[in-house]
Amino acid sequence: MRRFLLARGAQALAVIALVATLAFTLVHLAPGDPFAASLDDPTNTAALHAQQMHRWGYDQPLPVQYLKWLGNLARGEFGWSHSRNRRVADVLLETVPRTFLLMGAALVAGVLAGLALGTWQAARRGTPAERASGTLATAVLSVPEFLVALAALALPAARWHLFPVSGIADPAMHDSMSAIGRAWDVTRHLVLPAGTLALLTAAGVSRYHRSAMLAMLPEEFVRTARAKGAGEYTAVVRHALRNALGPLITIVGLLLPTLFGGAVFVETIFSWPGVGRMMVEAVGGNDYPLVLAGVLVGSVLVVLGSALADVLSALADPRLRIEA
Amino acid sequence: MKFAAAVLVLFVVVAVAAPAIAPHDPRATPQSETQKNLPPSGAHPFGTDQYSRDVLSRVIYGARVSLGVAVVAVMLALTLGAAIGAVAGYAGGWTDIICMRVVDAMLSVPRVLLLLVLVASTGPLTVGGIIVLLGCTGWPGTSRLVRGEVRLLKERDYVLASRATGTPEWRVFVLHVLPGLVPQLLVTGTLALATVIPLEAGLSFLGLGVQPPTASWGNIISDAAGRPGDTWWVVLFPGLAIVCTVLAVNTIGERLRERIDPRGRSRA
Amino acid sequence: MHDPESRCFHDPSAEAGDVTAPVLLDVRDLVVTYVSDAGAVRAVDGVSFAVHAGETVALVGESGCGKTSVAFALMRVMAPGARIGAGSRITFDGADLLALDERAMCDLRGRKISMIFQEPASALNPVMKVGAQVAEVALLHGERSKRAAWDRAVAMLDRTGIADAARRAHQYPHELSGGMRQRVLIAMALMMRPALVIADEPTSALDVTVQAQILDLLRDLQRETGMAVLFITHDFGVVAELCSRAMVMRAGRIVEDAPVDRIFHAPADPYTAELLRAVPRLTADR
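Residue numbers (this note's numbering), protein chains in the order written: chain P, 1 to 324; chain C, 1001 to 1268; chain L, 2001 to 2286.
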């Protein structure tokens, strides 16, 4: 087990390093230098510009630049965002937790819902209700995230004014609320964006999970359970489900990139001030360091997330627990 | 399956015959105020948008762009992915290891983010540029599948037999291994379409894809993004177009996958 | 392997079930059809037989003759594509088995009729401790206390010859050897002292030495509990060792049904004779 953990951790690090290298390649493929746009900013002088270039090694040979790049990243030094007039690292510190919150909430809600739906579908296989729900799930998956978000925006929010449709907090009142009040305020604002993402996650998870459960059902040990006198519920939930959980965790890990992509759209439409929206704005504002930082953060989140999923999945299977 | 294919064919026909069937010029902006933001009616079955353009015509022309971009981009991605995956799978060794690590890295970056970075470095793109962008970011998935397939096929008896008779490696590859990839590629390609169409739409929606006034289903919707409740027709109709095509493509792709996958297994 | 010729020695009082005992299971015209995309296949084509209380009966035949289908039909744990023919009748302990609803059937399974499966590696749930799997039988049939169920399970595992049962019960199937896993399956089947146990090729997946041990175990348990056993097997050695009566099956039909002695010495059906001849022997053919 320990060996597995080490190997998986090393693999994750290797991928992150590779992604950083990829980003480095991108920076240097781009025309001009990344700080050129910041020259438009009146507060930025030629001297500052030269200083930036030096800090990142642009006046030196390529290999040195690469090492400087890695070094800077490792130290958390991501450069300067001219569109926001702040250090990129500070922008990240603000936006990353918000995206984390959004994705976390969506993941938990979506996975639980998908799990329940998939299990129910496996238990009620063949019935018209199950088939209808399956078609519905596929239909939901065929709708691009931004459309679902727009629909969520148009209907419940605008027409029925149930939940706030933009931002993370009430701009006027938030600061004057108590701690609980503030938490509640954020939660209310979280509902629609996280709900949209959760809906899509649930649809995807339920499809995989249903297949996994259906693959489990003809297994011999399920027949053994029935021969012992177990009813449908016990056989399906106690026996088949337990075996399908391991692969489910891995699937969730594989869904992370898609979830992040969806978050970009959802954050933009609901004005949720996370990394996704930051990136879109940065692209519009030609703020290259910010864009790059966003990509790195996104990738790191995904890599760590899937490594975690792999580890959890292995832990869930007693067959793999024995070594170490 | 047949229904899905029919739907798809319908969209393709509409796209190809756009100039013939669109009632209005999609770019025409008659400067009259009265034509703005009209809900669906006899004259404008899909209504008009905020620039007084007929939405139906825009959706019809948009089909050309959205479908065209997706199809060409997928073909590009398939070709790249198949080439790289096949080489990696067949050659094995270090080539294989390096290629697959790069694939891992690319797959770890959410595709949307990758596209954003690339758009940031190149600036606003032409339609051709978008195709290249989508194609160049879509190959990792295919290459992994192809590599796996090639590694299996490499050990098949008929391949070994061919090599045993002294056939040069490249011939073995082209004549025996490549044909075995076709079914898998067909399925992958079809399902990839279902991913790329919404991707292009999303990008255009954000203003980073197809630039107005050229119509793409995505950028038509972005016109009404501010208040989707008010001018719902500008969102609904292109949206429906996207959903229908994606559903159709998904259905066809899934059926194809069922056909080729359990070919040897019983389906009782 | 076992040489049927030299083993006709069964102690009649021990193995010959008393055929004046009441009929426990009565099967009439059982037909099982598998429906698939490729068409319908009649795996069991009108099979009739009876099992008396306390009897050990064998259902013998080659692979694919339909014997396992009979077993699954009796327990009504068939695969989704299988159908029992309309004219079939199965009576168990006086009740019409085919007329019971699923709830009543669940009550019977494991408690009055149980099954020992062929492949212990796949018949056990890989992510559940073996003790829990055996205890589950008790919990499904009235035991309220998890603690008590566990204790009973450990006792049963001990009875089936698993050394250090208390510790083993906490292990997972992959940590046990093939023979031990089979003993676990036997423990599960016998937990509630069923009246009828269907043993589906209980030794086919095991090594020869382990086979002998399992057969001995089964014989002892049968003597101890007086349960009826229906052995599904293709192995005449098992038939000779344990059974008082044998039914030979071929292509979905029973071609011979007779006491074991008669089967071995004077088989009535030519197919039976062929099967017997097919058993490899050390001595020269007659």
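Hints in this document: simulated from the structure, not taken from any laboratory.
Where hints are given, some of them may not hold.
[To be verified] Estimated spans, in silico, between C-beta atoms of each pair: (1) Glu-1169(C) - Leu-304(P): 34 to 42 Å; (2) Gly-2178(L) - Val-1182(C): 38 to 46 Å; (3) Ala-74(P) - Val-1182(C): 39 to 47 Å; (4) Leu-315(P) - Asp-2207(L): 28 to 36 Å.
C-beta atoms are modelled at their ideal positions from N, C-alpha and C, and glycine is treated no differently.
Evaluated hints:
A hinted range of 34 to 42 Å for the beta carbons of Glu-1169(C) and Leu-304(P) is consistent with their spacing of about 41 Å. One distance hint, 38 to 46 Å for the beta-carbon pair Gly-2178(L) and Val-1182(C), holds here, with the actual separation near 44 Å. One distance hint, 39 to 47 Å for the beta-carbon pair Ala-74(P) and Val-1182(C), holds here, with the actual separation near 46 Å. Between Leu-315(P) and Asp-2207(L) the Cβ separation comes to about 33 Å, which falls inside the hinted range of 28 to 36 Å.
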